[in-house]
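Based on the sequences and whatever the hints tell you, model everything.
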Amino acid sequence: MKYFGKKLIAMAVTILVVSFLVFLAFAVIPGDPAISMLGTEATPERVAALREEMGLNQPLLVRYFSWVAGVLHGDFGTSYSYQMSVTEMIGDKIPVTLMLTLLSFLIMLVISIPLGIFTARHEGGKADRFIYIVNQIIMAIPPFFSGILITLLFGIILRWFTPGGYVSYDVNFGQFVAYLFFPALAIALPKAAMAVKLLRTSVASQVKMDYTRTAYSRGNTTKDVFYRHILKNALIPVITFLGMTLADMVAGSIIIEQVFNVPGLGRILLTSIQNRDYPVVQAIIVCIAFLVIFVNFLVDIAYRAIDPRITLD
Amino acid sequence: MKTKVLKTVLLALVCSTLTIALGACSGDKASENSSQITIGIPQDLEDSLDPHKSVAAGTKEVLFNVFEGLVKPDSNGDFIPAVAESYDISEDAKTYTFSLREGVTFHDGSQVTAEDVKYSIDRCAGTDGSAPLIEAYSNIDSVNIKDEKTVEIVLKEPDTEFLAYMTTAIIPESNENPDTNPIGTGPYKYVSRSPQENIILEKYDGYWGTPANIERVVYRIIANADSIVMNLLGGSVDMFVRLTDAQAKELEGSDFNILEGTMNLVQAVYLNNAKEPFNDVRVRQALSYAIDRTQIMEMVSDGKGTEVGSSMFPAFDKYYMEELNDVYSQDFEKAKELLAEAGYPDGFSFTLTVPSNYQQHVDTAQVVAEQLKNIGVTANINLVEWDSWLSDVYADRNFEATIVGIDASTMTASAMLERFQTDASRNFINFSSSAYDEAFRKAKASVDDEEKTAYYKECETILAEEAANVYIQDLPQFVALNKKFGGYEFYPLYVQDIAKLYFVDENNE
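Protein sequences appear in the order of chains A and B.
Just so we're aligned: 122 in our numbering is position 122 of the first sequence, and the numbers increase by one with no gaps anywhere.
Just so we're aligned: 70 in our numbering is position 70 of the second sequence, and the numbers increase by one with no gaps anywhere.
Honestly, the hints are just simulated from the structure, not real lab data.
From the structure, some residues in chain A lie toward chain B, with a derived Cβ separation under 10 Å: (1) Thr-43; (2) Met-84; (3) Pro-163; (4) Gly-165; (5) Pro-263; (6) Leu-270; (7) Ser-272.
Note that CB positions come from ideal geometry on N, CA and C, so glycine has one too.
Below, the structure written as structure tokens:
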């Protein structure tokens, strides 16, 4: 219980700090939301009236605390540019980004764990060397570029999906997931390559440990030792990596959403920054911060499940 | 035991991923609607949907299909009666009387009343004390309901061009959420929007005029310029209206017709006339002598585009003065002479601020910078995002020179020329000429069309001779339309008339 209390406080502090930094950042960068909204039809009078209406003339701290007060009441405000409720706007997009991240994570697991185990068990073999080279190449390709390649190959040449043919989850869930598979693949590939490499190295270092020799000497079969002793210990750093990756994937999806024309949180975040639409940016940053903290929490739990010696305090 | 668990989990993961992957293979084009058009737009309407509040050209372009004014523009730039059936302009051009059309209904089914008309126009004019939406509306003195079907608008000063502003949307007074629930009288009604994803319109069956042909319109946002062509080729988008020359070329030989028009704007190197060295007319003229428009067009869009020599584009055929294109023709010697006279015998360098989201302007800037080198002038190109441009260049006027295109918000000469008056709030280039102010004032006040036109032309001539800006061109516009569709019409304004589009194989209906 103490653990959860600590985590909750850490979460609250992190979110406060992050959101305040965003507030500060917007105070520093050029651009004014009122001018942005009025565009080329801005006249000084209209800008002044709009700034007043939006409360932009108040000091930074006052604005920040009134925002915090709103959030505590579950009110993230109204988007400057869309004039829609922020909660409604973002609530609509969270499932998209979550599904994209989840799919990427799944694809990464499916590729990396078996392949990692395979290369570790066949270290130095022909297959291992081949996988090693492919891995290096994939790691070197940035996701947005693999995204373009995937679109070209599966979208234009093979026609397995229609580029830009995104279908919303409330229209057809199957097609929604199907469309997201390809962007997810683009996000997952480089991460999977890294995970394979990490698992292989991690296993290799465990093989040399004393306990491994002891396990063999007690008459266990190779397979037994591998799965019951080595793999369990080798997985700990991999899980740390996976946790970090999951958080990183949320960020990675921002770029991939652009390439595949997926209207997720990333797209909204990007355009909101361009439009100086602070309420939306704030809310999304808070969501992402929350997600990162939550993933860390899951990682902690996973440690404990794999290695009972690790306590959660 | 543990091994088994691990294996089961892995197996489950593999299975689920495979299912998804297989699902993906069969997932395309299942929900194609036979009477639907999907139009790609490069930017979402990051804007209120209230037609009186929205300002972005991209928003107006879409809302053109949802809202109508008392009159509306046609593709020739003339005004045709819409919510009004007819109008009468008093001889002194101060009283405009509109007779409302019988049987015009809003998308919620209610009748358009004289009260709604008064409400809409009052709202724009800011007669309740708030700032008027655009300067022209501040001329409205009062809006009077004469009877159920007649509304009279009285102006403070005579204005023969005022009809152009009566294209402003008529909206129902009863609508409580005009920001998110737009209700108009146009051929299409608003269905839904999802930020950064789409906007959906549906044909309005109660439309008073010629009904639309296509049932459903989906505007799909394609924010990434690199994927526009892929989306078109892949079949997820039927139409895209603002392609670059390069994109249009990539679509050659595909299922798309490429239509070519003009963007109806004036692209120029806009100079800050209040900043040194551009406060000296000789320097501005020198720059004008240094550039070659034909070469710019050649480099930027393969020779397409139309030259302009002042702040008026050719679609305004009544006001456009082709002869002004020849005020300056490339002459490096003359340019250097002028620079020397102005005290810059060795040239100078300046910052050319360009909004990075407009590829054509960025490309133009590069050619211009090269051409200016010939007279010893160095232009340092500074790419900024659109928002910084709006606040730094446009609002704060803190710049030396910039390349953008300026369009007209209404089909009037004053929409193009108003901003160059010394005190105009939108005069971001700080142009100041008492002769210009005088000519513009006279043009505005004149009720005789011929005289008015002559004064406007005088304004244009002053802009050219004073070299207020280095005028370049009206950019070409390329529209890709799937061969399934026909009926696309170019307007002299920034609008897309979807109601005129039809399916090619059912066009005899």
